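*Asks:* One line per chain: the protein sequences are A and B, in this order.
Heads up: the first sequence begins at 1 in full-length UniProt numbering, then just goes up one per residue.
Heads up: the second sequence begins at 1 in full-length UniProt numbering, then just goes up one per residue.
FYI, nobody ran anything at the bench for these hints, they're computed from the structure.
Computed from a prediction, not measured in an experiment: that's the story for all the values here.
The beta carbon of each residue, even a glycine, is placed where N, CA and C say it ideally should be.
Keep in mind that the hints are not guaranteed to be accurate.
[Unchecked claim] Calculated pairs, DSS-like style, for lysine-lysine (alpha carbon to alpha carbon, straight line, at most 30 Å):
1. K113/A / K22/A
2. K214/A / K234/A
3. K60/A / K113/A
4. K382/A / K411/A
5. K57/B / K411/B
6. K113/A / K214/A
7. K382/B / K458/B
8. K234/B / K234/A
9. K22/B / K22/A
10. K214/A / K234/B
11. K214/A / K382/B
12. K411/B / K113/B
13. K411/A / K22/A
14. K60/A / K22/A
15. K113/B / K57/B
16. K113/B / K60/B
17. K57/A / K113/A
18. K57/B / K22/B
19. K234/A / K214/B
20. K214/B / K113/A
21. K22/B / K214/A
[Stated by the list, open to error] DEER-style ranges, computed between Cβ atoms:
22. D260/A / R351/B: 54 to 62 Å
23. E59/A / D361/B: 34 to 42 Å
24. P93/B / D243/A: 38 to 46 Å
[Stated by the list, open to error] Chain B is nowhere near these chain A residues, computed Cβ spacing over 12 Å in every case:
25. S2
26. D64
27. F102
28. G112
29. K113
30. V140
31. G142
32. L202
33. I224
34. R230
35. A238
36. R300
37. E304
38. P364
39. L374
These are the residues of each chain, in order.
Protein chains: 2
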Amino acid sequence: MSLDAVLARIDDDLPAALDRLKALLRIPSISTDPAYSAECDAAADRLVAELESLGAKAEKRPTDGHPMVVGYGGSGGPHLLFYGHYDVQPVDPLALWNRDPFDPQVEDTPNGKVIRGRGACDDKGQLMTFIEACRAWVAVHGDLPCRITFFLEGEEESGSPSLVPFLRANREELSRPDIALICDTGMFDEQTPAIATMLRGLLGEEVTITGPDKDLHSGMYGGIAMNPVRVLAKIIAALHDDDGRITVPGFYDGVPELPDAIRAQWEGLGFDAERFLGGVGLSQPAGERDRTGLEMIWSRPTCEVNGISGGYEGDGFKTVLPSKASAKISFRLVGTQDPFVIRENFREMVRAMLPPDCSVDFTPHGASPASVMLTDDPAFEKARAALSEEWPNPAAFIGCGGSIPIAGYFKTILGLDSLLIGFSRDDDQIHSPNEKYDLESFHLGARSWARVLDALAKE
Amino acid sequence: MSLDAVLARIDDDLPAALDRLKALLRIPSISTDPAYSAECDAAADRLVAELESLGAKAEKRPTDGHPMVVGYGGSGGPHLLFYGHYDVQPVDPLALWNRDPFDPQVEDTPNGKVIRGRGACDDKGQLMTFIEACRAWVAVHGDLPCRITFFLEGEEESGSPSLVPFLRANREELSRPDIALICDTGMFDEQTPAIATMLRGLLGEEVTITGPDKDLHSGMYGGIAMNPVRVLAKIIAALHDDDGRITVPGFYDGVPELPDAIRAQWEGLGFDAERFLGGVGLSQPAGERDRTGLEMIWSRPTCEVNGISGGYEGDGFKTVLPSKASAKISFRLVGTQDPFVIRENFREMVRAMLPPDCSVDFTPHGASPASVMLTDDPAFEKARAALSEEWPNPAAFIGCGGSIPIAGYFKTILGLDSLLIGFSRDDDQIHSPNEKYDLESFHLGARSWARVLDALAKE
Numbered sequence: 001m002s003l004d005a006v007l008a009r010i011d012d013d014l015p016a017a018l019d020r021l022k023a024l025l026r027i028p029s030i031s032t033d034p035a036y037s038a039e040c041d042a043a044a045d046r047l048v049a050e051l052e053s054l055g056a057k058a059e060k061r062p063t064d065g066h067p068m069v070v071g072y073g074g075s076g077g078p079h080l081l082f083y084g085h086y087d088v089q090p091v092d093p094l095a096l097w098n099r100d101p102f103d104p105q106v107e108d109t110p111n112g113k114v115i116r117g118r119g120a121c122d123d124k125g126q127l128m129t130f131i132e133a134c135r136a137w138v139a140v141h142g143d144l145p146c147r148i149t150f151f152l153e154g155e156e157e158s159g160s161p162s163l164v165p166f167l168r169a170n171r172e173e174l175s176r177p178d179i180a181l182i183c184d185t186g187m188f189d190e191q192t193p194a195i196a197t198m199l200r201g202l203l204g205e206e207v208t209i210t211g212p213d214k215d216l217h218s219g220m221y222g223g224i225a226m227n228p229v230r231v232l233a234k235i236i237a238a239l240h241d242d243d244g245r246i247t248v249p250g251f252y253d254g255v256p257e258l259p260d261a262i263r264a265q266w267e268g269l270g271f272d273a274e275r276f277l278g279g280v281g282l283s284q285p286a287g288e289r290d291r292t293g294l295e296m297i298w299s300r301p302t303c304e305v306n307g308i309s310g311g312y313e314g315d316g317f318k319t320v321l322p323s324k325a326s327a328k329i330s331f332r333l334v335g336t337q338d339p340f341v342i343r344e345n346f347r348e349m350v351r352a353m354l355p356p357d358c359s360v361d362f363t364p365h366g367a368s369p370a371s372v373m374l375t376d377d378p379a380f381e382k383a384r385a386a387l388s389e390e391w392p393n394p395a396a397f398i399g400c401g402g403s404i405p406i407a408g409y410f411k412t413i414l415g416l417d418s419l420l421i422g423f424s425r426d427d428d429q430i431h432s433p434n435e436k437y438d439l440e441s442f443h444l445g446a447r448s449w450a451r452v453l454d455a456l457a458k459e
Numbered sequence: 001m002s003l004d005a006v007l008a009r010i011d012d013d014l015p016a017a018l019d020r021l022k023a024l025l026r027i028p029s030i031s032t033d034p035a036y037s038a039e040c041d042a043a044a045d046r047l048v049a050e051l052e053s054l055g056a057k058a059e060k061r062p063t064d065g066h067p068m069v070v071g072y073g074g075s076g077g078p079h080l081l082f083y084g085h086y087d088v089q090p091v092d093p094l095a096l097w098n099r100d101p102f103d104p105q106v107e108d109t110p111n112g113k114v115i116r117g118r119g120a121c122d123d124k125g126q127l128m129t130f131i132e133a134c135r136a137w138v139a140v141h142g143d144l145p146c147r148i149t150f151f152l153e154g155e156e157e158s159g160s161p162s163l164v165p166f167l168r169a170n171r172e173e174l175s176r177p178d179i180a181l182i183c184d185t186g187m188f189d190e191q192t193p194a195i196a197t198m199l200r201g202l203l204g205e206e207v208t209i210t211g212p213d214k215d216l217h218s219g220m221y222g223g224i225a226m227n228p229v230r231v232l233a234k235i236i237a238a239l240h241d242d243d244g245r246i247t248v249p250g251f252y253d254g255v256p257e258l259p260d261a262i263r264a265q266w267e268g269l270g271f272d273a274e275r276f277l278g279g280v281g282l283s284q285p286a287g288e289r290d291r292t293g294l295e296m297i298w299s300r301p302t303c304e305v306n307g308i309s310g311g312y313e314g315d316g317f318k319t320v321l322p323s324k325a326s327a328k329i330s331f332r333l334v335g336t337q338d339p340f341v342i343r344e345n346f347r348e349m350v351r352a353m354l355p356p357d358c359s360v361d362f363t364p365h366g367a368s369p370a371s372v373m374l375t376d377d378p379a380f381e382k383a384r385a386a387l388s389e390e391w392p393n394p395a396a397f398i399g400c401g402g403s404i405p406i407a408g409y410f411k412t413i414l415g416l417d418s419l420l421i422g423f424s425r426d427d428d429q430i431h432s433p434n435e436k437y438d439l440e441s442f443h444l445g446a447r448s449w450a451r452v453l454d455a456l457a458k459e
């Protein structure tokens, strides 16, 4: 079957493909906020229709949360599972967007055309690169080049609470493919495509400290009553030592040193930490003192405060001594760090720092270990070669700072290895205001998938 | 002139007085929030009308912020200045109120009847005790027992930005009285009235730390990019040492030791720190290790975080590495601590703790020194004797943890000493949800003022 005709079809169909992406982006499928539940459902419906338009058999499968979309296409050859997610992050602070985040448009920028809107990259734009590649195969050849199970999730941005139960309940059905394709990662740089083979895990915890049983007047009670913000600040300040190491007891158990071969390959990538940080107004790496920039974002564990609140936060001033203060704290995990052990050790550390009269509540928000792919399967080299055909530079095996727990679950529950291939760029502002996806990422991404499907379909 | 008839008139008129207070409480005059500007104006109009109903000549005087209300009543005798404020604190968190904060009602409680609503105590309820005492004098005797300048402010809960300019601009007019009466403080306990002779000052600062120039994905940037919440937490954690002392350089310059006579008087009051803290769900004094409970709230300086915010604060979890984190921090000052010196030293300390790549913005929110009254003026003993007639226990000279900068300005700008007399109780929940004022405070408060006016009017 001719690959060139498929690539030409993708080129010709780009305007229509963009319209389809924009239609998906207009649905505000914010999974973490219960107010957008119907919109998550609508996004799932739209993807069922997209899969059916490829001739796939597709349906929405209910869960306790947002539905999964599962579809089947192709009539012969190897069997792949494709994963993406249709939910998106919240959009606040809304005032920092240069447009309505759910009214996507193509914008001209000094670096070329981009599609702007929440989910343009993460992950609606990315998953549509695959669907458009499939559409072109079907349009040119009347069928997909191999069998594909489509598996699209709607809770990736909110800790994937239904994922493991769903994989377990449908293990027999979903474990039939030979390998998984996951499109939720980035290029190494704008000229160098990448396959992520090292993914950090994620542990999320919300900590709420309570002091007095109500908000107090800081004049009447200031000085004699314990202020929970002061307690919380002390706990957060104690989470890193002066060398940037994380102080939770036992935290570094299972954190491996980088193998020499990988270290050499990463050094060859010429990562420029100052340039990477310069893109966000910073200049100095803030991680562990003796680590390289790529280690900090790919192979070392982290602890970050994702949100903090307490007391009066409005305009002006209010002399309140607050009853409560809380923080959302997350840990990125590597190697064989055990999220459940770390959660317990963290909680124990917090409890030990509580002064008399204060109490603490913990709310868990997801716990997934890191994943490291074994690249022995020939599919890894086939995919690397196919990607290298499409882009200026050869594709690289890289680490990934973000957490994609799905790869770990595919391995442990379904027994599937995963090829993590995506086309986002460092400046896509995913999870931030003004998220975008380069038109080139969308277009060449679809072409890349056409090539990868062609390569993997050949036994 | 008969005092008994005035007291009887106050007793008889209580239901109508309550209706007048409720009408004032229904006006949401939240001075710190620009959205309530018209309501502040309406509260001022209402008070002009109340003063005119006493036969006083009254008017609203414009400022750059909310207006002052100034009125004149009485035709002979000593000349007093009465101060109160008609603005109130914000009401959030609204969900914790047991009723609409601006729909005040009298409620039965196990401790007797209370008036519930924002401002019921601070300061609308308190200032109306004085106006009702004046109304009864006028009703019974056709005139006030002495000359009174009424001076009512609308920005006390938002740092009084217009106060000093107004006092300076109207110095000649407002400095004519012999002494000031300020009704914005509390009883020592429910049986013991008090005159506050030692008031803490207040310094407010808002600190905003900026790290990256936008919110980032904590997976992509976590570990390599500096997190401003971590920086802010470290700064807040460093503000107190392990003994509860405040670490801002030079902070304790001008903090006096308590004179032995005052220490002895305070020990005689039998203050029970555990009982005081028990009322708000605490048990252990959290201030400087070697100080008594009364020192912590009356005569020692403090540092409190009144609010903190940064990153994602909504429901669920968002793996954002925030661009900014900010805190509202206030210091209560005593003795001759200089708020402007402390502000500079605090800012210098914060700047010195900033890591590379982070910047800080400061927003000042008021700066007033402490006041200590000299009780040599015979008016202090006259007022103490008058209050002691009304209540079960004799009145005490006490300290006051809250900051009432007006007393300092009356002294330095107008040359007036102040008698700080008020009837609030520790459990009035001022600045908190469910603020209330005991009906007894309102009723006996008005009777107390009638007695104090009688005593002060006698040369």
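*Asks:* Indicate, hint by hint, whether the structure satisfies it.
*Replies:* Structure-based check of each hint:
1. K113/A / K22/A: holds (15 Å)
2. K214/A / K234/A: Holds, at roughly 21 Å.
3. K60/A / K113/A: With Cα atoms ~34 Å apart, K60/A and K113/A exceed 30 Å; violated.
4. K382/A / K411/A: holds (20 Å)
5. K57/B / K411/B: Roughly 25 Å separates the two Cα atoms, so the pair holds.
6. K113/A / K214/A: violated (53 Å)
7. K382/B / K458/B: Holds - the C-alpha atoms of K458/B and K382/B are around 10 Å apart, at most 30 Å.
8. K234/B / K234/A: OK: K234/B and K234/A at ~7 Å, within 30 Å.
9. K22/B / K22/A: It is violated: about 56 Å lies between the C-alpha atoms, which goes past 30 Å.
10. K214/A / K234/B: Judged against 30 Å, a Cα distance of about 26 Å means the pair holds.
11. K214/A / K382/B: violated (38 Å)
12. K411/B / K113/B: violated (37 Å)
13. K411/A / K22/A: Violated, at roughly 33 Å.
14. K60/A / K22/A: Roughly 21 Å separates the two Cα atoms, so the pair holds.
15. K113/B / K57/B: Violated, at about 34 Å.
16. K113/B / K60/B: Not OK: K113/B and K60/B at ~34 Å, beyond 30 Å, violated.
17. K57/A / K113/A: This hinted pair is violated, its Cα atoms lying about 34 Å apart.
18. K57/B / K22/B: Status holds; Cα separation ~23 Å.
19. K234/A / K214/B: Given that 30 Å is the threshold and the Cα spacing comes to 26 Å, the pair holds.
20. K214/B / K113/A: Holds, at roughly 21 Å.
21. K22/B / K214/A: Answer holds: K22/B to K214/A is near 25 Å, not above 30 Å.
22. D260/A / R351/B: 54 to 62 Å: violated (43 Å)
23. E59/A / D361/B: 34 to 42 Å: violated (53 Å)
24. P93/B / D243/A: 38 to 46 Å: holds (40 Å)
25. S2: holds (38 Å)
26. D64: holds (15 Å)
27. F102: holds (17 Å)
28. G112: G112/A is indeed farther than 12 Å from all Cβ atoms of chain B, at 20 Å.
29. K113: The claim holds: K113/A sits with its nearest Cβ about 21 Å from chain B, beyond 12 Å.
30. V140: At about 36 Å from chain B, V140/A clears the 12 Å cut-off, so the statement holds.
31. G142: Non-interface label on G142/A holds, nearest chain B Cβ at 40 Å vs cutoff 12 Å.
32. L202: Non-interface label on L202/A violated, nearest chain B Cβ at 7 Å vs cutoff 12 Å.
33. I224: Violated, since 4 Å does not exceed 12 Å.
34. R230: Violated: least Cβ distance 6 Å, not greater than 12 Å.
35. A238: It is violated; A238/A is separated from chain B by about 8 Å at its closest Cβ, not greater than 12 Å.
36. R300: Per Cβ check, R300/A is inside 12 Å of chain B; nearest 6 Å; violated.
37. E304: violated (5 Å)
38. P364: violated (10 Å)
39. L374: Correct as stated: the minimum Cβ-Cβ distance to chain B is 22 Å, above 12 Å.
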